[in-house]
Amino acid sequence: MAAFTNFILVCGGTACESSKSDKIYKNLMHECESQGVRDKVQVVKTGCFGFCEQGPIVKVLPEESFYVQVTPEDAKEIVSEHLVKGREVTRLLYDKAESKKRAQIDEMDFYQKQVRVVLRNCGVINPEDINEYLGRDGYVALEKALFEMKPDDIIEELKTAGLRGRGGAGFPTWMKWNFTKKVEDDQKYIVCNADEGDPGAYMDRSTLEGDPHSILEAMTIAGYTVGANFGYIYIRAEYPLAINRLKIAMNQAREYGLLGDNILDTGFNFDIEIRLGAGAFVCGEETALLRSIEGERGMPTPRPPFPATKGVFGQPTVINNVETWANIPIILMKGGEWFSKIGTEDSKGTKVFALTGKIRNSGLVEVPMGTTLREIVFDIGGGIPNGKEFKAVQTGGPSGGVITKDYLDTPIDYVHLQELGSIMGSGGMIVMDEDDCMVDVSKFYLGFTVDESCGKCAPCRVGGRTLYNILERITEGEGEMEDLDRIKSIAQATQKASLCGLGQTAPNPIISTITYFEDEYKAHIKDKRCPAGHCKKLITYHILPDKCIGCGLCARRCPTNAISGEIRQLHTIDQELCIKCGECYNVCKFDAVYVR
Amino acid sequence: MAVKSDAEITFSQELLDHMETWREKPGNLIMILHKVQEEFGFIPREAAKKVAKIMNVPLAKIYGVITFYHYFKLNKPGKYNIQVCMGTACYLKGGEDILNELESVLGIGVNQVTTDGQFSIEAVRCVGACGLAPVLIVGEDVFGKLTKDRLPEILAKYQEK
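Top to bottom, those sequences are chains A and B. According to the working numbering, the first sequence is numbered sequentially starting from 3. According to the working numbering, the second sequence is numbered sequentially starting from 5.
Hints may contain errors.
[What the hints assert, rightly or not] What follows is a set of in silico ranges between Cβ atoms, one per label pair, in the way DEER data are often shown:
id : chain 1 : residue 1 : chain 2 : residue 2 : range
1  : A       : K28       : B       : S108      : 31 to 41 Å
2  : B       : K53       : A       : L136      : 47 to 57 Å
3  : A       : I569      : B       : E144      : 41 to 51 Å
4  : A       : D273      : B       : E42       : 17 to 27 Å
5  : A       : Q494      : B       : H74       : 27 to 37 Å
[Claimed, not checked] Pairs of lysine-lysine residues, derived as DSS-like cross-links and limited to a Cα-Cα distance of at most 25 Å, are as follows:
id : chain 1 : residue 1 : chain 2 : residue 2
6  : A       : K390      : B       : K161
7  : B       : K80       : A       : K539
8  : A       : K390      : A       : K524
9  : A       : K22       : B       : K161
What the hints contain is simulated information worked out from the structure, not anything from laboratory work. Backbone N, C-alpha and C define an ideal beta-carbon position, used for all residues, glycine too.
Work the whole structure out from these sequences, hints included.
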């Protein structure tokens, strides 16, 4: 290793991989070979860097040069210029707007406010090589647990750390483990919930792709703590890259005696099996997930009994989600005390958010709990693109709600989000601008939960559908004022009477948007108008006489020939024929088309 | 893909071996169905019957599971199954318009196959490539930051093959 003078890190996360990062990696290898620097340079394919907006990303060490939007054809230049001649390829560097200073990674706004605990190895190590994980103190926590700590010490450490579940509800992790530990039973299980179904959230996938060993290590530690010798990783079948890397990691860990029988010669046995999900959002709910591992339809069961005492195959089970697991090894390594210093009073540690939607720097960000929304959206995310106005951020996906401009300075943690009528959820953070209609967004989320409702209990099955129908009417201009009260009472019933988290939280997006954007609902109902200009039945397109120069482009592009006018004369839109596809609005170069 | 008529259907040795590996493991049904779908691209009725026979589970239970999970398909998809992401980020950035345009270009709806068997359309849950929204996937190729204008060019790529 010492012989290498440079390292090239190529992002191998799903987003970059789909933009040909594999080809970039191969080309870089090939170029290093043919330009004779193969013995000086090591090319590594890593997990996600988080800066997906600008992918594919290539980083060169030790200069920390951060190359963005790299194409396979750029490989030659990176090698010949940077590695052979020692000159950075300026045109590929991430430049912030006009400033031409070197884009070193710690100078970038995107990374400046981030604290990487969960993603500590993502974008740093090659996830397909256990030695690189070991080189970053991998499996040190497991060794410490097995040789220096008693199970109760571990639970105590987690209690000091104050780690809470990152999957949604935020239940203290030490308590879960302790419940299972206290049950007397020969067969207990450890489960990793990697059924990341929340649309717009992909932190778990990135963690598994970038640092699979951390999850295996954490589950093994839990096995030792509660007295379990077998674990399941329940993962979406839609994540083939993550599944593959987990399989590689499991095989390597077994070879090294870190998984399987007689781990590190201690006589402790623990093994893990992968179980594939099959596209059912409800399976993210723990009791439904357990049914699915058992090969059944993924329908939730009432709690109690909780999985901690009666889980998979009726046995005591510890179930945590990926991000929670990823925190465990570092807590044991650096101590609960260290961890508890990050974050706020009752929300310790960091949280990974998938920042997406109408945002300049879309990507994965990890910040200490208590960071304000303003810092995340504007400092890290770079604000809203195309000169649009910020409208709201949606957190918690189909179970969460919106946070508006007035609350941008709220510290993000479990308590504050709940106070605002949203939830932490798994960490999807979707930014919306002035063009996004809040009624339509609620309809989108509700459509999702209605589709994913397992149908077992009536409040969720019927309540959700009824709410959806009302929203549909409103967005089509058929709403009436009484609908608002109807929504509130049905929503309340659904929240209170549904069996599982899916139904109980399904009305959250509507309640939240009605609370903060009641005027927008009223505009749809009373004025038959969609203020955001989104709901097709409620908008009309028009041409401004003083801006139209009569170029005829809109008329040529109109699919229904609804636009007429002589060349160089004002054009007009026949509202009878218009299907409101928005094509004229999009193609007009003179901003002459507007929405009303 | 050795699909024979009606009752008899041939499973590859690999699939049969997979079933044997999983036979004794509790809760094996979903893992077996995944492998069946991997082999046929969907779960033909004859295959479901055969699994029922080999693994000794009621056919009704198999259908209970297949119909519960979105991932399992009952009908044969096109040679190129086009998956349009319907996650939140893609939705906000016009994923629905992409889907509508695709439907009108191909003349089929979601979960339908073109008459030549070349294409089928599927509206899928968030694929987690939100930085690339809106996203469409054909086989293993991912097309991101899409606009409607690019659809004909993308389709043409597969039409020739």
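Comparing the hints with the structure gives:
no., hint, in the structure
1, K28(A) / S108(B): 31 to 41 Å, "holds, 38 Å"
2, K53(B) / L136(A): 47 to 57 Å, "holds, 49 Å"
3, I569(A) / E144(B): 41 to 51 Å, "holds, 47 Å"
4, D273(A) / E42(B): 17 to 27 Å, "holds, 24 Å"
5, Q494(A) / H74(B): 27 to 37 Å, "holds, 29 Å"
6, K390(A) / K161(B), "violated, 35 Å"
7, K80(B) / K539(A), "violated, 36 Å"
8, K390(A) / K524(A), "holds, 23 Å"
9, K22(A) / K161(B), "holds, 17 Å"
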